[in-house]
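Given the coordinates of chain A, assemble chains B and C onto it according to the supplied hints.
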Amino acid sequence: MTPPTTETPSDTATTAPPAPPSNQLIRFGAAEDPFEAMFDRGWSDGLPLVPPTAERVAQMLSGTTRAPDEVVAVVPPDLVECTVETVAVNAVMAGCRPEYLPVVLTAVEAACTDEFNMHGVLATTMSVGPIIIVNGPIRHRIGMNSGGNVLGQGNRANLTIGRTLQLVVRNVGGGRPGEIDQSTLGNPGKLSFCFAEDEEGSPWESLAQERGFPAEASTVTIFAGEGPRVMVDQLSRQPERLAKSLALCLLTTGHPKMALAFDSILVVSPEHSARFRDAGWSKQRLQEELRKNMMIDVGRLPAAAKGITTEESESIQVKQLPKFRDGGLLIVHAGGRAGLFSSAICGWASGPAGSQPVTHEIEHV
Amino acid sequence: MHDITDLERRGVPGVFVASVEFDLAAKVQSSALGFAAPYVLVDHPIQDRTDDEMRIIAEKAVAELLEKLTSG
Amino acid sequence: MAIMEVLDPTGKTADSQFGSMRQPLPRPKSLEGKTVGLLDISKPRGDVFLNEIENSLRDRGANIVRFTKPTFTKPAPVDLRQEIASSCDAVIEALAD
Chain A
82 MTPPTTETPS DTATTAPPAP PSNQLIRFGA AEDPFEAMFD RGWSDGLPLV
132 PPTAERVAQM LSGTTRAPDE VVAVVPPDLV ECTVETVAVN AVMAGCRPEY
182 LPVVLTAVEA ACTDEFNMHG VLATTMSVGP IIIVNGPIRH RIGMNSGGNV
232 LGQGNRANLT IGRTLQLVVR NVGGGRPGEI DQSTLGNPGK LSFCFAEDEE
282 GSPWESLAQE RGFPAEASTV TIFAGEGPRV MVDQLSRQPE RLAKSLALCL
332 LTTGHPKMAL AFDSILVVSP EHSARFRDAG WSKQRLQEEL RKNMMIDVGR
382 LPAAAKGITT EESESIQVKQ LPKFRDGGLL IVHAGGRAGL FSSAICGWAS
432 GPAGSQPVTH EIEHV
Chain B
212 MHDITDLERR GVPGVFVASV EFDLAAKVQS SALGFAAPYV LVDHPIQDRT
262 DDEMRIIAEK AVAELLEKLT SG
Chain C
41 MAIMEVLDPT GKTADSQFGS MRQPLPRPKS LEGKTVGLLD ISKPRGDVFL
91 NEIENSLRDR GANIVRFTKP TFTKPAPVDL RQEIASSCDA VIEALAD
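Just so you know, the protein sequences line up as chains A, B and C, in that order. FYI, the numbering for the first sequence is 82 to 446, going by the numbering used here. FYI, the numbering for the second sequence is 212 to 283, going by the numbering used here. FYI, the numbering for the third sequence is 41 to 137, going by the numbering used here.
Isolated chain A, as found in the complex:
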């Protein structure tokens, strides 16, 4: 099957008669407004949904070569098997176009791994939700935003891909706020938080390359994080000073005195990255400089240092600990061309006991 493109989205709709759907058909009442009926059945995240008619779902399935009845993942918290077709139903409701479906399917797979721990991310009282970062050629093919307002509203692919994952967890996994979702405050990104990296404008290898994938691969990286917070530095002209500024801001992640507790994403914008590009700094160099400026004085090892017993922690005298564990700070390049700001996205409990970032290649594109 020819992969659908943005230019000719309807080409694939006529290739073959769609197989009859496996999911049960729900017939709304004659007096029901379909849009109200979807709210009434509890399928909505609070925003209107596109009615997933059999025709729209068949059209959505034209975006992948995978069989509709193939199981994509077992979705927490109720651990329900989720087929390609069921993902497609939720993708229709979220407002996706068929060409987004391969990204959505990969995001669902990545979110439902043990490493990512979607159940924990959902159930925690912290504000985190799944954040999807897309790398590789598919970003352009489906028209994702990696530029101005990259973490904001306005781009259909960014918004609806993230929303579909959220709806799958809600409708298939049964994860709803006030039930298994016990977040104290939540954050607006729990509705949808998905963006693409600006690889072309970056002085560095992409997040996916850093994580072992070739430049020509399209990938999804999923990270458990809360809302983005801007870091302002409009003065520093030397890379050392800018790195120190960013480190100061990143130190407050969670709490300024907490070490090794949370991972984070640092989104470096083009005007900030230009400082490092001009000085010839690699991504690794930036990581090292940030680490140097993010050592935290501690009397003894805090409980947050994983894998260390209380007795051990009391016996070990530690003067300083790094803010982030090795690999715990993900650097991504994105944003509009103007503006001397970067952004910090704080994560959740890091490591095997919490959630680990997961990168999967998007196949069957």
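To be clear, the hints were calculated from the coordinates, so they are not data collected in a lab. Source: prediction; values computed, not measured. Where a beta carbon is used, it is the ideal one built from N, C-alpha and C, also for glycine. Incorrect hints may have been included.
To be verified - Below, simulated SDA-like cross-link-like pairs (lysine to any residue); rule was C-alpha separation at most 25 Å, straight line: (1) Lys114(C) with Ala111(A); (2) Lys114(C) with Glu94(C); (3) Lys74(C) with Val273(B); (4) Lys238(B) with Lys373(A); (5) Lys373(A) with Gly335(A); (6) Lys114(C) with Gly283(B); (7) Lys279(B) with Gln122(C); (8) Lys373(A) with Ala425(A); (9) Lys271(B) with Leu120(C); (10) Lys74(C) with Gly283(B).
Unchecked claim - Reference excerpt, derived from the structure (chain A facing chain C, CB under 8 Å, subset only): (11) Pro102; (12) Ile107; (13) Ala111; (14) Pro115; (15) Thr134; (16) Cys163; (17) Thr167; (18) Val170; (19) Arg178; (20) Leu266; (21) Leu402.
Quick look at chains B and C alone, frame taken from chain A:
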């Protein structure tokens, strides 16, 4: 029936009471609304009943009302 | 409004046991200590019926609040529905004949 359908949407469990003549209409309406609002049927007619007769009708309905309104 | 058929987003298949209707809310275990709204639809004799229901439910420990909608020919006004929703744990509407 519309009222109970809406009140359940607002988070209040509800039951309505109608006379037996209302049964078919309730079923048709449930299907149209996509929601089978729980109901209890009482004898028909109602309008010409004495107060004492009404009290007996109510007494007979209580058990079923409790059954449809509680899970205990 | 046009009837519409959609596919179940919860992944339930065509041969599963679940119906496609919206389901009633979970019920409280008992009405003891609960506030029960009695909504009179304003048809004759309904008040006598509800008086008796009120006595029975009070005997079972329920608190009773009475409401009357202006006419049985129309759904209750939104304000009244909101008032019931914000003050009651359960509601009984009577009496349609």
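Item to check | Satisfaction of hint between Glu94(C) and Lys114(C), Cα-Cα up to 25 Å | outcome: Holds. Lys114(C) to Glu94(C) sits at ~24 Å (cutoff 25 Å).
Item to check | Hint check, Val170(A) versus chain C [nearest Cβ-Cβ separation less than 8 Å] | outcome: holds (5 Å)
Next on the checklist: So if I understand the rule, the pair passes when the alpha-carbon distance is 25 Å or less; does Lys114(C) with Ala111(A) pass?
Outcome noted: Holds, at about 19 Å.
Item to check | Pair hint outcome, Lys114(C) versus Gly283(B) [Cα-Cα no greater than 25 Å] | outcome: At roughly 33 Å apart (the allowed maximum being 25 Å), Gly283(B) and Lys114(C) break the hint.
Next on the checklist: So, as I understand it, the hint says Arg178(A) touches chain C; can you test that by seeing if any CB pair is closer than 8 Å?
Outcome noted: violated (18 Å)
Next on the checklist: Less than 8 Å between beta-carbons is the criterion; does Cys163(A) satisfy it with respect to chain C?
Outcome noted: holds (6 Å)
Item to check | Pro115(A) as chain C interface residue, shortest Cβ-Cβ below 8 Å | outcome: holds (4 Å)
Checklist entry - Is the hinted pair Lys74(C) and Gly283(B) satisfied, with a Cα-Cα distance of at most 25 Å? => result holds (13 Å)
Checklist entry - Was the hint right that Thr167(A) lines chain C, CB cutoff 8 Å? => result Thr167(A) check passes; min Cβ-Cβ to chain C is 4 Å, inside 8 Å.
Next on the checklist: Tell me if the straight-line CA distance from Lys373(A) to Gly335(A) falls inside 25 Å.
Outcome noted: Holds, because 19 Å separates the two Cα atoms, which is no more than 25 Å.
Checklist entry - Can the hint on Leu402(A) be confirmed by a CB-to-CB distance to chain C that is less than 8 Å? => result Since the shortest Cβ distance to chain C is 45 Å, the answer is violated.
Checklist entry - Keeping to a limit of 25 Å between CA atoms, is the pair of Lys271(B) and Leu120(C) held or broken? => result violated (28 Å)
In this structure, the hints that do not hold are numbers 4, 6, 9, 19, 20 and 21, in rising order.
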